[in-house]
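My request is simple: use the sequences and hints to build the entire structure.
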Amino acid sequence: MTTLDSSDTTPEVVVDPNAVSVTINGKVVAARKGEMIIAAADRTDDFIPRFCYHPRMEPVGMCRQCLVEVVGPRGPMMVVSCMTPVADGQVVNTATEGVKKAQEGMLELLLANHPLDCPVCDKGGECPLQDQAFSHGPGESRFVEEKRHYEKPIAISENVYLDRERCILCDRCTRFADEVAGDALISFTSRGNNTQVMTFPDEPFSSYFSGNTVQICPVGALTAKPYRFKARPWDIEHVESTCTTCSVGCRTVVQSSRDELVRYQGVDSQPVNWGWLCDKGRFNFESINSKDRLTTPLIKDASGNLSATSWSVAIDSAARMVRTALLSSPQSVAIIGGARGTNEDAFAWAQLANALGVDSRDSQLADGLPPQVFSLPQATIADIDTAKTIILLAPDLKEELPVLYLRVRRAAEKRTGRVVEVSPRATGLAGKAWKKVHVEPGKTAAALRALSTDAAFTAQLASGSVVVIVGRMNLAESEESVVYALAEVLHMAPHATVLPVLRRANVRGAITAGLTPRNGGKSTAEILEAAAAGKIECLVLLGADPLSDVPDADLARRGISGARNIIAIDTFITQSSALADIVLPAAAYGEKEGTTTNIEGRISNVAQSITPVGTSRPDWMIAVELGAATSHDLGFASYNEVHAAMISGVSEFASAVDTHAVEHDGVIVAHPTPITLTRADGASIERNSYDYRAVVSRKLYDNAIGTAKSPSLATLGVASAIIVNPLDVPRIGAQVGESVRVTSPRGTIVMPLQESVDVLRGTAWLPINLGGSDVRELLDVTKDVIDLKIEKMS
Amino acid sequence: MDEWKGSVMTAAIRYPHATGFVAGDRPKIVTSRFEHADSFTLERFLATGGYAGLRKALERAATDVHEEVKSATVLGRGGAGFPAGTKWGLTPQQVFPKYLVVNGDESEPGTYKDRLLMECDPHQLIEGCLIACYAAGLSQCFLYIRGEMALAQERVAVALNEAYAAGYVGKNILGSKFSVDIVLHWGAGAYVVGEETALIESLEGNRGMPRLKPPFFPAANGLYGQPTIVNNVETLANLPWLMVNGSEAYTAIGTKTSPGTRMVAVSGHVKNPGVFEIINGTTTFRDLIYGAEFCGGILNDNELKAFVPGGGSAPWFTADQLDLPFEASQVGPAGSMLGSGAIMVMDSTTDIPAAALTLTHFYAHESCGKCTPCREGGTWLERILTRIVNGTGTEADLQQIFEVGAMICPGDFPNASNEKLGLAAVPFPYKMTTICFVGPSAFAPLHSAITLFRSEFEARLVKRISIPVTAVSTPSAVLA
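If you read the protein sequences in the order shown, they are chains A and B. Taken in order, the first sequence gives residues 1 to 794; the numbers are from my numbering. Taken in order, the second sequence gives residues 1 to 480; the numbers are from my numbering.
Keep in mind that the hints were calculated from the coordinates and are not lab data. It cannot be assumed that every hint is accurate.
SDA-like, lysine to any residue: derived pairs with alpha carbons at most 25 Å apart [to be verified]: (1) Lys70(B) / Ser32(B); (2) Lys101(A) / Asp42(A); (3) Lys213(B) / Gln196(A); (4) Lys213(B) / Pro55(A); (5) Lys436(A) / Leu451(A); (6) Lys213(B) / Met57(A); (7) Lys100(A) / Gln90(A); (8) Lys436(A) / Ala446(A); (9) Lys101(A) / Ala396(B); (10) Lys100(A) / Gln399(B); (11) Lys101(A) / Asp412(B).
Listed below are several chain B residues computed to face chain A (Cβ distance under 10 Å; list not exhaustive) [unchecked claim]: (12) Ala190; (13) Val192; (14) Gly208; (15) Leu212; (16) His365; (17) Cys371; (18) Cys374; (19) Arg375; (20) Gly378; (21) Glu382; (22) Arg387; (23) Thr434.
Using N, Cα and C, we set each Cβ at its ideal position, and we do this for glycine too.
Below is the structure:
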């Protein structure tokens with residue numbers, strides 16, 4: 001919100017042409033043209049009751065609760081304050097007898113058919129209807145008729161239940177679904193007194209954002225399965241935190257009851273998430289409470305099985321492994337991972353690696369971007385709102401960074417900026433894109449170079465600020481190709497700013513803290529290759545699972561089996577940690593304090609809400625203990641010390657000294673000196689016309705451990721399949737739904753064939769990390785592109 | 001444009017030639033062809049001067065035609081009575097495209113004049129649409145016909161196909177540079193879609209619910225976000241005659257503020273109910289109900305008890321207001337409205353509470369469900385009134401009706417004066433807490449019914465048996 005008061009320190013008073021001044025209950029309030037009365041009144045102490053109004057959605061004037069009096073030329077007029085814009089000199093009264101009577105009347109009408117089953121309602125205790133019935137209601141009802149009856153809660157999606165008796169028809173959920181999420185899967189049906197919110201027949205409310213409707217419901221009509229009957233609001237402890245499911249870094253409130261996480265709620269953070277969360281981030285707290293969590297260190301016994309041990313034995317054994325390895329060479333020790341923890345975790349491990357002389361450490365799992373992208377002129381998430389052009393050189397934001405998708409979608413919807421989609425297939429934003437550059441893998445840079453002769457496109461770029469959202473849109477294409485494509489864009493639009501979207505939660509923080517190869521150290525792919533060649537004596541997996549995350553199954557397998565010793569620090573037994581020699585249980589999200597860095601380099605806090613399960617500890621503490629056991633004092637022994645050491649030790653993190661900001665909207669990391677990218681020669685990689693070029697990307701609900709261990713999310717994923725353009729199906733000769741044999745230079749897998757017009761002809765889209773055949777068997781991280789042969793099974 | 005493929009004649013077989021129109025020895029502006037059994041055909045239309053108004057209009061500059069309509073003061077016939085020429089001038093200049101939406105969703109209780117206009121003379125409506133589009137610079141016309149009017153839908157569809165084939169609609173109309181397309185859209189049967197912004201929502205394929213105001217007028221921001229003129233069927237049907245005869249001839253009929261004629265549908269306890277084209281502004285309710293050329297008096301020569309002057313939403317009048325003319329500036333201050341031109345007459349045998357319940361039920365049923373007061377309050381009113389009509393209501397219930405009504409319409413409620421009851425007229429319109437007029441409409445007839453005929457409601461209430469309570473004197477010893 002723009003501040004309208006002219007500060008004393010500013011000598012020049014800039015008169016805002018949009019500034020107006022209104023009088024609300026005798027108090028002068030500064031407001032802006034176009035703002036609604038209710039928004040202006042929210043900056044005063046006078047609360048106008050409301051149900052349908054939501055500051056992040058268009059007003060609808062449905063509940064009529066926010067009636068106020070505006071003094072006009074013909075005397076006071078009763079208007080709804082959520083739909084009436086402010087005007088200069090306007091006089092508004094929110095508490096006259098007439099207003100009071102109207103507001104009381106409205107509440108009486110809203111409560112007339114409300115079941116008042118507050119004692120068994122999840123919302124009871126935090127319910128706007130309950131609160132405002134107390135503060136603005138008539139106290140008693142004169143409605144003696146029988147109330148409306150409907151079947152008590154019906155499931156409108158896997159996780160959301162609707163109780164139509166409680167619903168007051170405020171249009172918040174339906175508006176959210178249509179306006180914000182773009183999934184208009186719920187709507188009003190029937191009329192008059194029988195109006196109800198409903199899904200379309202046989203079409204559940206399967207939106208990635210359905211949980212938000214539960215949060216914004218002003219009554220208990222919408223409830224979420226993971227929270228139903230888990231706790232009462234007055235038993236809940238709240239801490240404000242940052243979601244670390246993906247790297248958008250949505251601000252959340254983590255709520256726990258009896259030392260168990262029960263719910264996450266979105267916090268309206270202007271620069272980041274505006275209060276929205278995706279369902280994956282909202283409901284994956286279940287995995288923290290999972291019975292499968294590691295509670296005690298494990299060590300491989302004589303028979304080769306992992307069995308429980310004590311921390312002292314585990315740390316001593318781990319220290320011995322590290323020391324032994326260091327005896328041969330510091331290059332024989334490597335660290336993979338660190339992006340799932342906090343900045344402090346990454347910093348402590350980077351410090352340990354420095355102390356041990358380990359240069360081969362990588363927090364990206366061969367599916368990221370070179371850290372140089374952070375040295376380009378950076379954009380923030382909020383820049384999307386003002387950018388004239390938003391170029392998507394990124395994975396499907398809806399699938400990988402859902403809340404960022406909402407922001408870009410809004411920019412296109414509100415026409416504040418134009419979206420250019422550069423992608424090997426149509427993504428969730430294709431329908432909103434001004435220009436779609438769908439190009440098969442290996443030809444992106446060339447296609448962009450060709451665009452420089454497109455007058456409309458170059459004029460659009462020149463019309464104002466440009467934000468380039470850049471990430472790995474295809475895991476079967478090398479990271480260099482993304483960099484080359486980015487170089488082409490920056491060549492055409494030198495004023496563009498870049499928003500690198502690396503999806504793993506704190507990958508930017510981990511890289512900044514030092515968990516990235518240095519002094520010629522190896523990257524993840526190189527580490528695994530070296531391990532396969534028997535050159536890695538001790539491999540540390542810091543919350544990383546190469547066997548399921550590195551997009552090259554063969555390399556990961558050879559690397560993990562070739563490493564002599566493996567120390568895994570993890571919250572669960574994963575494919576990789578099951579093969580480790582020592583497994584150290586790590587404290588998970590909500591169990592530890594710290595800070596995290598999101599895609600735009602925003603540092604904000606993650607808060608501890610519950611005690612770590614079993615004997616698990618934060619990663620940084622494990623680093624300190626391993627340091628002590630290897631005779632290296634890292635110089636810190638408590639969270640506050642490691643946090644302070646990080647701020648003073650890493651120049652980019654210096655701004656995190658502002659604790660208050662870190663605990664609210666966050667602070668942006670300091671940017672290093674900008675670099676420029678060099679363009680490649682622009683040669684595109686041609687494809688044999690009998691082959692299909694692979695496009696590999698992620699879906700929101702995949703086999704990620706946080707999803708797989710959350711019962712409410714685990715069932716939402718789909719099985720893996722190979723998806724081609726409908727026009728290519730006859731060429732393959734197989735029916736849609738039939739299993740086909742897919743062969744790459746690396747291997748062969750069998751999976752069902754599906755068709756979609758979102759996929760370009762001559763390409764095949766293979767969502768990765770789903771149930772069924774493992775797509776990674778086809779991939780090779782050393783190749784620029786992967787071409788596939790698809791054959792009908794004989 | 002594709003040929004309309006519906007079954008053309010089925011509805012016509014189901015409904016014989018529309019009855020209900022009563023001709024008379026009066027000027028006819030919109031009903032001149034109604035006397036012919038084949039009035040809806042293109043042959044009859046052309047034989048009786050059809051499309052002459054369009055030819056005349058196309059010969060003149062568009063601004064000229066607009067001026068002509070303006071100076072004729074053609075009042076909107078949908079209910080609000082806003083002059084059409086002025087309305088056309090409200091659209092912003094230099095915006096393209098602008099649309100004409102024809103509100104043929106006539107669903108006000110008691111009203112059936114537009115239906116006859118569409119059934120009996122569809123070409124006249126089409127001609128009116130074309131003239132309006134030409135004069136106001138509108139590039140496309142959307143004709144929205146109420147879902148239940150099967151015959152009107154068929155007749156207009158057939159007429160439109162004929163007009164397209166004959167070159168009256170489409171590209172380069174009558175060889176001129178003027179092109180316009182007319183799109184037919186059939187409603188799905190919702191009363192609220194008669195409200196212009198709800199109609200636009202419905203046209204766009206959304207749920208028929210009134211839009212937010214501001215913007216107050218679709219003229220600025222209407223269909224698909226473009227400037228849109230919404231006109232009633234009868235309003236547009238006036239234009240061909242106006243073009244042929246000129247605004248002077250038009251204003252010569254009726255009064256200065258209410259020129260021309262208007263269609264009035266009378267129903268209820270009269271000898272000769274039907275639709276009449278009457279002279280605007282001068283004809284009184286007494287003429288209409290008792291006049292030999294109109295309804296010819298009350299059925300069985302009973303006494304008049306009350307009548308609805310302007311559609312189901314209007315507060316009721318009694319014999320006291322019979323001498324008011326059809327003139328908005330006089331009916332409004334008397335406590336009601338002319339509305340959609342529907343008059344429902346109730347004689348002395350009428351069960352007033354039951355009649356009020358019929359209307360209240362309609363409005364409770366037809367609430368779109370958007371605004372809380374209308375959605376919840378309408379049904380609440382209906383339930384209380386049902387109790388009273390069934391003889392189980394109490395005095396408190398009667399009072400509660402006013403309390404619930406005040407939540408929908410705070411402030412003084414319009415009602416007609418009645419010297420016998422000592423009532424002073426409270427002028428129309430009312431204050432309201434809802435977006436559109438459907439909410440107050442649920443209360444308007446009920447309020448006037450109770451105000452004017454309270455004794456009839458009280459007679460239905462549960463009689464309370466009062467048990468006399470004798471005060472027992474307290475012994476003085478206790479007090480001491």
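**OP:** For the pair we were handed, lysine 70(B) and serine 32(B), check the Cα-Cα distance against 25 Å.
**Re:** Roughly 23 Å between the alpha carbons, so the hint for lysine 70(B) and serine 32(B) holds.
Original post:
When you check the alpha-carbon spacing of lysine 101(A) and aspartate 42(A), does it fall within 25 Å?
Top reply: Given that 25 Å is the threshold and the Cα spacing comes to 21 Å, the pair holds.
Original post:
Quick one, is the histidine 365(B) hint okay against chain A at 10 Å, beta carbons?
Top reply: This interface hint holds because 6 Å falls under the 10 Å limit.
Subject >> Proposed interface contact between arginine 387(B) and chain A, which counts if any beta carbon pair is under 10 Å >> reply: holds, 9 Å
Original post:
Given the hinted pair lysine 100(A) and glutamine 399(B), is their alpha-carbon gap at most 25 Å?
Top reply: Holds, because 20 Å separates the two Cα atoms, which is no more than 25 Å.
**OP:** Take the C-alpha atoms of lysine 101(A) and aspartate 412(B), compute the straight-line distance between them, and say whether it is at most 25 Å.
**Re:** Since the Cα atoms of lysine 101(A) and aspartate 412(B) sit roughly 14 Å apart, the hinted pair holds (cutoff 25 Å).
**OP:** Would you check whether leucine 212(B) satisfies its interface hint, that is, whether its CB is within less than 10 Å of any CB in chain A?
**Re:** With Cβ-Cβ at 5 Å, under 10 Å, it holds.
Subject >> Holds or violated: lysine 101(A) to alanine 396(B), with C-alpha atoms at most 25 Å apart >> reply: Holds, because 19 Å separates the two Cα atoms, which is no more than 25 Å.
**OP:** So, alanine 190(B) near chain A? Judge it on the closest CB pair being under 10 Å.
**Re:** holds, 7 Å
**OP:** For the hint on cysteine 371(B), just tell me whether its beta-carbon gets within less than 10 Å of chain A.
**Re:** The hint holds - cysteine 371(B) has a Cβ within 10 Å of chain A, the shortest such distance being about 5 Å.
Subject >> Status of the glutamate 382(B) interface restraint (C-beta, 10 Å, chain A) >> reply: holds, 9 Å
Original post:
Within a Cα-Cα threshold of 25 Å, do lysine 213(B) and methionine 57(A) meet the stated pairing?
Top reply: Within the cut-off at roughly 16 Å; holds.
Comparing the model with each earlier hint shows no violations; every hint is respected.
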